[in-house]
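Oh and the sequence shown: position 390 is 390 in my numbering, straight run, nothing missing.
Just so you know, these hints were derived from the structure itself, not from any lab. Keep in mind that the hints are not guaranteed to be accurate.
Simulated pairs of lysine-lysine, DSSO-like, Cα-Cα distance not exceeding 30 Å [unchecked claim]:
no., residue 1, residue 2
1, Lys390, Lys343
2, Lys327, Lys343
3, Lys300, Lys367
4, Lys339, Lys382
5, Lys277, Lys343
6, Lys168, Lys390
7, Lys168, Lys103
8, Lys327, Lys300
9, Lys277, Lys390
10, Lys390, Lys327
11, Lys300, Lys390
12, Lys367, Lys343
13, Lys367, Lys390
14, Lys277, Lys339
15, Lys168, Lys277
16, Lys327, Lys339
17, Lys339, Lys300
18, Lys327, Lys382
19, Lys367, Lys339
20, Lys367, Lys327
21, Lys300, Lys277
22, Lys390, Lys339
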Amino acid sequence: MRFNNIHYTFLGFLFLLNYSYAQPFQIGHTTINFTDASRNNRVIATEIYYPSDVAGDNVALTTATTDTFPVLSFGHGFVMTWDAYQNYWEALVPNGYIIAFPKTEGSLSPSHLDFGKDLSFVLNQMVALGNNSTSFFFNRISIMNAVMGHSMGGGASFLAAQSNSNIKTLVNFAPAETNPSAITAAASITIPSLIFAGVNDCVTPQNTNQIPMYNGLGSSCKTLISIIGASHCQMSNSNSLCNFGELTCTPTATITRSVQHAKIFSYLRPWLDYQLKGICTQGNLFDTQLIGDTSVTYLKNCIQCNSLENGFSNTIDEIVIYPNPVKETFVINGLNFTKYQIKIFDLNLRQLIDSNFVENYRIDTSKWTTGIYFYELISDGKIKKGKFIKQ
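Based on the provided sequences and hints, a complete structural model is requested.
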């Protein structure tokens, strides 16, 4: 019966996933000037893209669903403008996200700290609009959100996440070191964080920017994805100022912009769908793709979805299971003289193992295919469920 319950839950996640991708929204757009009274009535002009039934400016939010939508606050790069990031709103809004682009700090001498505060402030203001009955965002704003950015905006997103405890996840693209330091700010950030880097980025090389940021993060779940052959400016659509700056350094990109974008979104959408919408299958997809992807290198310290462990208060606390991820031998260490039952299922929930053992159990996974596997341990009426990654 336990297997059937898991099976139906898994199918339910697949249904939600398939529905969300089978019913794409149109893209609505509006411009709002937010005013931050705490900073001398600073005006933050913001371009906002949102799910709608008809594409256009100032059209209504979609009525195809009454769901709320997560908000993504996105920071632009140095001397770049929001319209260079059309690739992001076209990829994410149709799948149920709202993206807000603050247009501040576009000068040759930007304040990184103010930009970070702007990114944070816009998220707070979108929540306020969701609670305002006169706004067409009324009752349509989720409490789940993300702060994001490219280059300077990526670095500023660290400053935003450092100061706003309501932010749920941090995502950025070739983030640049800032003043004050994004690398230093990373130590105080504990939310799930995803960083994209380009191996051929000569503007913000990963060894002096993204890798120190990743290493500095205090997050219990963080991932750095380095795209082989990717460049700094190809994180966005073509932008003349960014392209000009990139002409002054080497190496240059060895993959096309469209290939780089496709790779970004193959990981970005699953990350957001799991972190902000709780779609466990998308978390599994994120982890599984990374294992066999030869077009990237990566660093990570977590797996994305542990939902199979939820809802069991009577768990087996004394068991030790390692390593995770596993390359060859998967080890289960229990208490002396204690009997256990172990069941293991693959990602399609086909049962691979159903064995009884005492104290310890070792599984040779060297011939298993790479991917996600689920386990269920039972002992004296107690149960423990989870998953592991086979590399």
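Going through the hints against the structure:
no. : hint               : verdict
1   : Lys390 with Lys343 : 16 Å, holds
2   : Lys327 with Lys343 : 19 Å, holds
3   : Lys300 with Lys367 : 24 Å, holds
4   : Lys339 with Lys382 : 11 Å, holds
5   : Lys277 with Lys343 : 29 Å, holds
6   : Lys168 with Lys390 : 28 Å, holds
7   : Lys168 with Lys103 : 22 Å, holds
8   : Lys327 with Lys300 : 16 Å, holds
9   : Lys277 with Lys390 : 25 Å, holds
10  : Lys390 with Lys327 : 6 Å, holds
11  : Lys300 with Lys390 : 14 Å, holds
12  : Lys367 with Lys343 : 18 Å, holds
13  : Lys367 with Lys390 : 10 Å, holds
14  : Lys277 with Lys339 : 38 Å, violated
15  : Lys168 with Lys277 : 11 Å, holds
16  : Lys327 with Lys339 : 26 Å, holds
17  : Lys339 with Lys300 : 34 Å, violated
18  : Lys327 with Lys382 : 28 Å, holds
19  : Lys367 with Lys339 : 27 Å, holds
20  : Lys367 with Lys327 : 10 Å, holds
21  : Lys300 with Lys277 : 21 Å, holds
22  : Lys390 with Lys339 : 26 Å, holds
Violated hints, in rising order: 14 and 17; the structure is consistent with all others.
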